[in-house]
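Can you make the complete structure from the sequences, with help from the hints?
In order, the protein sequences belong to chains S and D.
So the first sequence is numbered by my numbering: it starts at 1 and just counts up by one.
So the second sequence is numbered by my numbering: it starts at 1001 and just counts up by one.
In case anyone wonders, no lab produced these hints; they're calculated from the structure.
Check each hint, because a few of them may be wrong.
Stated by the list, open to error - So the derived label-pair ranges between C-beta atoms look like this: (1) S:Glu8 <-> D:Lys1005: 40 to 48 Å; (2) S:Lys249 <-> D:Glu1017: 39 to 47 Å; (3) S:Thr268 <-> D:Ser1015: 20 to 28 Å; (4) D:Arg1082 <-> S:Arg39: 30 to 38 Å; (5) S:Arg430 <-> D:Lys1069: 40 to 48 Å.
Said to hold, decoys possible - Below, a list of computed lysine to any residue pairs in the SDA-like style, where the Cα atoms sit at most 25 Å apart: (6) D:Lys1069 <-> S:Arg187; (7) S:Lys252 <-> D:Met1048; (8) D:Lys1059 <-> S:Lys252; (9) S:Lys252 <-> D:Asn1040; (10) S:Lys285 <-> D:Met1048; (11) D:Lys1069 <-> S:Ser156; (12) S:Lys36 <-> D:Ala1062.
Said to hold, decoys possible - Quick look at which bits of chain S chain D covers, simulated, 3 or more residues with Cβ under 8 Å: (13) 179-191; (14) 259-270; (15) 309-315; (16) 377-385.
Backbone N, C-alpha and C define an ideal beta-carbon position, used for all residues, glycine too.
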Amino acid sequence: MKLKRLNEKTNAFITLKEEVEEAELYFSIKDNICTKDMRTTAGSKMLYNYHPPFDATVVERIRGKGEILGKTSMDSWGFGTFGTNCDFGTPRNPWDLGRSPGGSSSGAAIVASALKERNVALAESTGGSISCPASFCNVFGLTPTYGLVSRWGLISYADSLDKIGLMARDLKDIALVMNYIVGGDERDPTSYQGRVPDYTRCFGEIRGLKVGVPKEYFEHVEEEVKEKVMDGISLLDSLGAEIREVSLKLTKYALASYYIIALSEASTNLARFCGLKYGLSAEMKGEFNEYFSKVRGSGFNQESKRRIILGTFARMAGYRGRYYLKALKVRRLIINEFKEIFSRCDLIAAPTMPILPPKFEEIEELEPIQVYAMDQLTVGPNLAGIPMLSVPIGFSRGLPVGLHLMADHFREDLLFRVGRAIQEHTNYWRKVPEL
Amino acid sequence: MDVEKVARIARLKLSEEEKELFSRQLKEVLKAFEVLDELNVEGVEPAMHPYEIRNRFRKDKARGWREIKMPNKEGEFYRGPRVV
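Below is the structure:
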């Protein structure tokens, strides 16, 4: 295994374990998930020296099930769609090193895709951070229902949205590791305590399943992406699924609602990084607020500062009703709209991302609002907290395309069933990039 | 948006260039957020979570103190800037 070489080419890891023992299954862990024996930075200079004295629950649960390789690169705090906001080197797409691997779980997708050995990546999504890089790197990416997997030990971005999930080349490995990590956790009061199925047994006939295809999810989508996604939907049709057009009229409001809620929560979560209890510190001069402002001004990168300012503003007296509360009400309408579709359909199928992986020069030209708009297809299901799976569905100009499957809360079983059916009838997922 | 004021509340020291850049960029973002004004949300209950979640409590029991090394740590205390 040539991990060092992989890392030199792609910046997949922020911290790579020095000695890796041979194993049947390997794990990579996104760097916002705390690990007792490895530095945890959340992709930010602010935590460049943070060594957690504990393991996150998910890490505790995979210990002994395989060998941990290291901590994967990410946009700092999860703030990004393209991986370009990582403070420890920009991660690169293994299918074309001049292009983005997607974010924010960039390194997770790179390792899952480019490492030949069997491996599963522990990743995390707030608004699309698993689906996007999974789609850009040609791997399966599962974002479970909100609350299904404990988040204790995750460095929070937005508590009402954060979900820990998994990525791998083989969906069967995701099913196996899901069995390890699900289950209630008294340290995370939002964690689900109910019964869950054995995910490795969720496969079989898809005949008769009703698949809704929302027309709004094909607007503003590149033709090449549309084509591949339609091929995938035709495959489901040929396997006996009932395809029907549906409408998610509130799609155009999801982006604003998502960013207002996510950044409001993020601005409070990041208040704890002030140079006292962990991470970056500075010379103690001036009064407390001066000290905090100085450390935070130098430890947060530009995108982080932008998001903290936006989130602070949306919660301020005088603006709270117009932004934060309004966004929460719109979120309710969006959830209801998804629920209504799931009263008629088993699944929703759409493109994961509206574009193919972009070149870094193209990303540099984009204004922040244009970057945020790239999340248009993933923020809706993330606001609703429904489970979603990005499935490799083909290549266009040598670049991967993802099909996004969404199901009602706690219906991961359906995602596995349909994902496994696609896996049996296609070979895209088997491809490994030449590096 | 008065970026300087918001940055002060958020305890973020910004450079002059950042203040200018963020003012321009965030104006665009807020303009895009205006799309929400099209929706009537009167009587809609805000959704704090994706589905109903009830508070669940556990015993407030310490699990042992685990050390994090910091340069300003003295024993069990953190040293801050001088106040008086």
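Given coverage of the stretch 377-385 of chain S by chain D, checked by CB-CB distance under 8 Å (3 or more): Three-residue rule met by the stretch 377-385 of chain S, so holds; n is 3.
39 to 47 Å as the expected CB spacing between Glu1017 of chain D and Lys249 of chain S, which holds or is violated: Between Lys249 of chain S and Glu1017 of chain D, where Cβ atoms are some 41 Å apart, the hint holds.
Given pair status - Lys252 of chain S, Lys1059 of chain D, alpha carbons within 25 Å: 44 Å, violated
Pair hint Lys252 of chain S and Met1048 of chain D, alpha-carbon separation not exceeding 25 Å: 20 Å, holds
Assertion that chain D covers the stretch 179-191 of chain S - criterion: three or more residues, beta-carbon distance below 8 Å: With 4 residues close enough to chain D, the hint holds.
Straight-line alpha-carbon gap Lys1069 of chain D to Arg187 of chain S, limit 25 Å: It holds: about 24 Å lies between the C-alpha atoms, which stays within 25 Å.
Holds or violated: Lys1069 of chain D to Ser156 of chain S, with C-alpha atoms at most 25 Å apart: Holds, at roughly 21 Å.
Range agreement (Cβ of Arg39 of chain S with Cβ of Arg1082 of chain D, hint 30 to 38 Å): 31 Å, holds
Three-residue Cβ test at 8 Å for the coverage of the stretch 309-315 of chain S by chain D: This one holds; 4 residues, not fewer than the three required, reach chain D with a Cβ under 8 Å.
25 Å Cα cutoff - pair Lys252 of chain S, Asn1040 of chain D: Since the Cα atoms of Lys252 of chain S and Asn1040 of chain D sit roughly 15 Å apart, the hinted pair holds (cutoff 25 Å).
Satisfaction of the hinted span 40 to 48 Å by the C-beta atoms belonging to Glu8 of chain S and Lys1005 of chain D: 45 Å, holds
Claimed coverage, the stretch 259-270 of chain S by chain D - three or more beta carbons nearer than 8 Å: holds (count 3)
The earlier numbered hints that this structure contradicts are 8, 10.
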